[in-house]
Amino acid sequence: MNQIPEHLRIVEEVFSKYRRFVYVGKKLLRWDAVSKVTGRAPIFTADFVSRYRDALYVYSIRAKYAHAIIKKLDVSEVSQYPGVVKVITAKDIPGINDVGYVVPDQPLIVDRKVRYIGDVLALVVARDYYIAREAAERVHVEYEKLPVITNPLDVIDLKTLDEKKHVLIHEERGSDVVARYRIRRGDVERGFREADVIVENEYRTQFQEHAYIEPEAAIAVPESDGGVTVILTTQCPFEARKAIARVLGLPQGLVRVIAPLMGGGFGGKEDVGNVIGAKAALAAYLTGQPTTIIYTREESFISHSKRHPMIARYRHGAKKDGTLVAVEAKIILDTGAYASLGPFVAWRATVHSVGPYRVPNAKVDTVAVYTNNVYAGAFRGFGNPQVHFAVERQMDLLAEELGMDPVDLRFKNILREGDETVHGQLLSKDLGVGLEEALRRAVNLSNWYEKRRKYSLHSKGLVRKGIGAAVLWHGNSIGVEAADYSSVSLIVNSDGTITFRTGLTDFGQGALWGLILIASEILGVPPSYFIIERADTSAVPDSGPTVASRTTVMGGAATVNAAYKLRQRLNEVASHILGCSPSDVEIRAPDVFCRSNPLRRISWRDVIEEAHWLGIPLQEFGYYRAPSASWDEDTGQGSPYITYTFGAVIAEVTIDVETGEVTVDRIYTVYDVGKVINKEGVEHQAECGAIQGLGYALMEELIHDAEGRVLNANLSTYYIPTVADTPEIIYDWVESGYKQGPFGAKGLGEPSLVGIAAAIANAVSHALKAEINELPITPEKVYLTLKKLSKLRNDVRM
Amino acid sequence: MYDEYPSVKIRLRVDGKHYEVYVKPYERLVDVLRYKLGIVSVKEGCGRGECGSCVVLMNGELVPSCLILAIRANGSEITTVAGLAPEGKIHAVQKALLDVHAIQCGFCIPGVALAIKWLLDKNPNPSDEEIKEVLSGHYCRCGSYLRFIKAVKTASKYIREGRIYFDIKEVIS
Amino acid sequence: MVLIFRFNVYRPKDLDDALEILDREAPEVIPIAGGTDVLVLVREGVIRFKGLIDLWPLRRKLSFVRREDEFIRIGALTTINELGRSFLTSDVRYLGFHDLIHYFATPYIRNLATVGGNIATAHPLSDVAILLLTLNAEVKLMSAKGERWVPLENLYVGKRVLRKEPNELITEVRFREKPTNSSTSLLKFDRRKAHIMGYVVVATHAYMDHEVIKDVAIAFDSVGKPYPGRAKLVEEFLKGKPLTNDVLSKAVKEVLVKEMTRISDYRATSEYRLYLSGVLLKRSLLKVKERIQRGSLG
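Protein chains in written order, with my numbering: chain A, 1 to 798; chain B, 1 to 173; chain C, 1 to 298.
For the record, the hints were derived by calculation from the structure and aren't laboratory data. Using N, Cα and C, we set each Cβ at its ideal position, and we do this for glycine too. Certain hints may be false.
As the list claims (entries may be wrong) - From the structure, some residues in chain A lie toward chain B, with a derived Cβ separation under 7 Å:
(1) Val37
(2) Pro42
(3) Ile213
(4) Ile691
(5) Ser716
(6) Thr722
Using the sequences plus the hints, can you model the full thing?
Following this line, the structure appears as structure tokens:
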């Protein structure tokens with residue numbers, strides 16, 4: 001008989017007990033909105049720089065070539081430049097020269113070879129940015145150039161997925177394949193034989209850049225105990241601490257990482273914090289002075305991870321009635337010069353590779369390979385937006401072959417409660433399976449069937465209209481990537497306010513506010529009583545990284561635990577004063593009373609005071625460990641994620657046939673989030689994801705030339721959506737109730753981007769009556785598509 | 001080499017306060033504001049005048065402070081988002097941004113708030129097209145664009161009703 | 001060449017002072033107007049100099065938009081937004097300036113970028129130059145040694161290179177007033193709807209007699225050279241013909257294709273740019289026709 005752990009039992013109890021809510025589900029203004037709108041106080045990392053007068057500036061001297069051996073590195077002229085305090089090279093690193101997040105393949109400062117254009121050869125520590133930059137020009141490097149690989153198909157064969165012979169980028173690893181994953185379920189060959197229709201196609205997606213408006217920054221201050229404090233833009237303060245300690249050769253406890261609120265992250269500040277933090281800390285440690293480093297926008301473009309480009313071949317087989325019988329996929333992800341989060345991205349892509357459908361026979365192979373491009377890592381969606389583009393296009397192609405409406409085809413195959421996923425995971429009621437409801441609502445909201453018919457008629461003239469749909473699933477939290485745990489601390493102060501501490505960070509997504517609402521609900525105390533402390537490794541518990549849409553689910557479950565236990569004790573104390581049983585105590589701070597005798601009221605402060613006298617502690621540490629995920633390396637069978645967020649997205653587009661311009665008129669999103677905790681937050685996510693997804697679909701791409709140099713490292717040549725590109729965004733929610741989530745909640749940070757490009761691509765395909773196999777869907781690609789179909793009826797055509 | 005670039009003293013008024021500061025000829029206004037004067041209600045996102053986060057009102061016009069040489073700011077009147085309202089209060093524009101829940105990461109807000117203020121000063125009841133035109137140079141990667149448009153309309157209403165300033169205490173509760 | 005990122009700034013007392021400093025120090029010292037181009041080039045390490053001459057103090061004298069003896073004269077330090085607030089944008093003939101402002105970078109950049117600065121960048125995507133080419137504008141170059149007027153068309157020599165001495169300063173542009181029954185327009189296209197450089201930029205001016213084109217000027221960001229130029233063969237073809245879809249179609253298919261060559265780069269291919277040039281040319285001229293007919297912004 002399985003003993004259910006206490007932290008899980010508490011979450012399940014809270015889920016089943018609460019029926020009516022005071023704070024959960026409400027739209028309340030987030031805790032930091034006022035300070036952000038008044039702007040006076042320092043909020044972001046670089047805002048604190050002026051407090052450190054005379055902090056030295058650290059500048060990175062970067063590679064001239066994307067792939068070369070360093071034969072000679074002469075920094076003597078750099079060191080001698082007036083105003084330069086120190087030049088740091090690899091040999092000056094006291095600890096281990098590695099900042100790789102998953103795989104130890106990434107030196108902080110290169111010593112032997114450069115693998116991409118952003119590799120750092122030396123750090124110049126100088127009095128200011130200008131001097132550092134001028135001094136950096138005086139470096140002398142002798143390189144032996146090596147062949148530059150910018151096409152992953154030069155490293156791996158798309159048909160066989162065998163590694164090709166080439167000059168290795170990571171020769172120290174003996175291979176440029178970083179990771180391989182697979183799914184083997186049933187018998188795809190038999191499945192395809194039984195299929196009535198088969199569609200097969202190749203899909204490609206591009207490098208996407210996070211383009212958060214706040215560039216990366218770090219301030220490092222050497223401490224008197226020989227350690228160092230680093231104020232840092234990082235989504236993972238404890239990972240950063242680990243990396244910095246490793247580089248400096250210090251025990252973790254001597255490295256303190258403080259993560260202020262960030263101006264955007266989206267996964268981009270997941271591992272770059274290790275890099276920029278280590279640079280600043282190293283400079284501070286070796287010079288004994290405070291240092292600062294703020295990346296320029298151009299540097300940010302080339303030196304933090306990107307979204308993995310994908311090349312994939314998909315083959316789908318279905319019966320006449322639309323039932324899927326087999327899916328085969330070969331997926332290649334370009335992880336660039338370093339692995340970063342690549343192995344995990346490749347795994348998540350594999351898990352989700354067939355989409356949220358019942359697939360009896362599946363054969364999926366995913367490979368992540370190195371190239372000399374800028375390295376790819378975590379970006380909102382983490383491999384999922386890529387595979388969903390491919391899968392949802394495949395479903396539309398199947399629908400066309402079958403003469404079925406694409407939404408009907410999806411209704412026929414989507415996962416429902418009680419179904420098994422392609423990994424053999426049972427989607428029980430406990431997991432919260434609201435995909436069907438989400439699709440149904442999206443269809444109603446958008447008036448799908450009528451528009452699908454109406455827009456099909458719009459197939460002449462210079463303007464075409466289209467409507468497209470996509471469904472999605474996104475596993476919550478980190479699955480089998482690592483031990484999945486989180487923690488928070490609640491401390492009731494003697495004045496009645498409550499200090500909330502967690503190692504989870506905020507870069508705008510506002511999920512921490514959801515945690516406060518959870519604590520508010522359970523304690524019976526308004527959110528305004530809470531003070532969220534900055535993530536500070538010396539003060540907050542390790543809560544795991546702020547990634548994988550896990551803050552609400554994991555941080556929330558930890559918060560439930562802390563608040564629940566604290567509430568038990570507060571009930572005890574209150575019952576002591578009021579005389580009723582603890583379970584009868586009602587807290588509606590500032591009032592506290594017994595449900596059976598509401599006229600006798602004491603105050604919240606009375607309870608706190610009494611607790612001190614009784615010797616009942618008013619701090620609580622909440623810990624939550626997710627139920628173990630499982631994954632068989634050979635078959636891809638198991639329970640890879642604790643639950644999945646489901647969703648349906650429908651997009652409407654208008655296309656100017658002459659220029660190829662695609663305008664997205666409307667995006668409808670319906671996400672099954674288990675339970676809406678933070679109403680303001682889920683709305684923000686829906687909008688943010690839709691707009692970033694639109695950029696991914698239509699305009700964003702980071703481009704390298706054949707030498708591996710980035711051609712568009714600024715915001716006028718890397719196009720992110722402006723206010724003028726923003727469509728109407730209409731959303732609704734499904735609350736299917738995930739039993740082991742806080743009040744049933746699931747995550748939304750990433751799911752809100754996963755299905756957007758797929759829906760837009762399907763809409764464009766509908767409008768043009770043509771296949772769309774590549775992202776981004778630029779006007780030129782539309783022009784070429786139409787040209788191919790000879791559908792241009794423009795009287796000025798070439 | 002320091003003497004090769006002699007510092008120049010400039011005087012400027014920022015959010016109603018007078019400042020005198022020595023600046024290098026090559027220093028930008030955003031550097032002086034943020035790092036010499038510690039005024040963090042101006043951000044820097046790109047250094048090329050593309051993202052809008054460094055925008056300030058200089059002598060009544062919206063300009064990107066990352067492309068203004070500090071010496072040009074001598075004798076100028078500069079307003080940042082922090083100067084839109086007196087201490088303890090917020091301006092209708094700021095209140096509107098809060099009302100529509102436009103704040104996510106908040107990094108673009110200092111620039112956006114000023115752009116909205118400038119627009120409403122010139123055009124008390126702007127159309128959607130006019131709003132989009134003015135906000136077209138401000139990037140918000142968190143996707144609050146639709147909320148900015150709503151905020152302009154809300155702020156416009158407040159201003160036309162004569163409600164220019166709001167007590168911060170009112171808002172926080 | 002080893003780069004310097006710090007520099008000195010000279011603040012001239014007046015125009016004569018500026019010209020004298022330039023005469024003495026150029027090319028080690030270069031002028032800065034709005035700074036929206038120069039400061040970005042410094043940042044990228046593309047240009048190198050010892051000092052800048054700040055032209056901003058000269059704005060009182062060099063920022064103007066006026067009518068004088070059949071000419072429209074625009075001071076080189078007039079900002080893009082000042083152009084927008086001038087009489088030009090309410091005069092049917094010069095509505096191309098309204099388009100120019102609408103498409104120009106971002107709203108706040110328009111408070112710094114100047115007419116002279118935009119021309120001096122000598123970049124193909126110099127919107128001001130493209131529009132002014134259709135108006136047969138001339139540029140006034142002044143130096144300590146004298147002054148001369150140069151047709152804008154003759155000013156461009158190569159990519160980022162002007163036929164101008166380092167000690168010369170652009171101080172003014174002028175063009176002859178256009179006849180009534182004429183108008184201008186400028187169009188750009190890119191992959192998003194605001195803050196665009198443009199795959200292609202076209203400006204047109206046409207003078208119509210009822211349906212017939214009496215005179216037309218067409219300028220693109222590039223017709224074959226790496227700087228703005230006029231599509232003279234297309235203009236010749238169109239003169240005297242009615243401004244209809246068919247005529248425009250022929251102009252593009254038969255003439256523009258021969259006159260224009262386009263480059264491929266990471267943003268777009270030459271084929272698409274050439275194709276798009278035709279589409280935008282048509283739209284621009286149709287817009288001009290509409291403006292003439294309506295006598296307004298249209």
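Hint by hint, here is what the structure shows:
1. Val37: At 5 Å from the nearest chain B Cβ, Val37/A passes the 7 Å test, so the hint holds.
2. Pro42: holds (5 Å)
3. Ile213: holds (4 Å)
4. Ile691: holds (4 Å)
5. Ser716: Nearest chain B Cβ about 5 Å off; hint holds.
6. Thr722: holds (5 Å)
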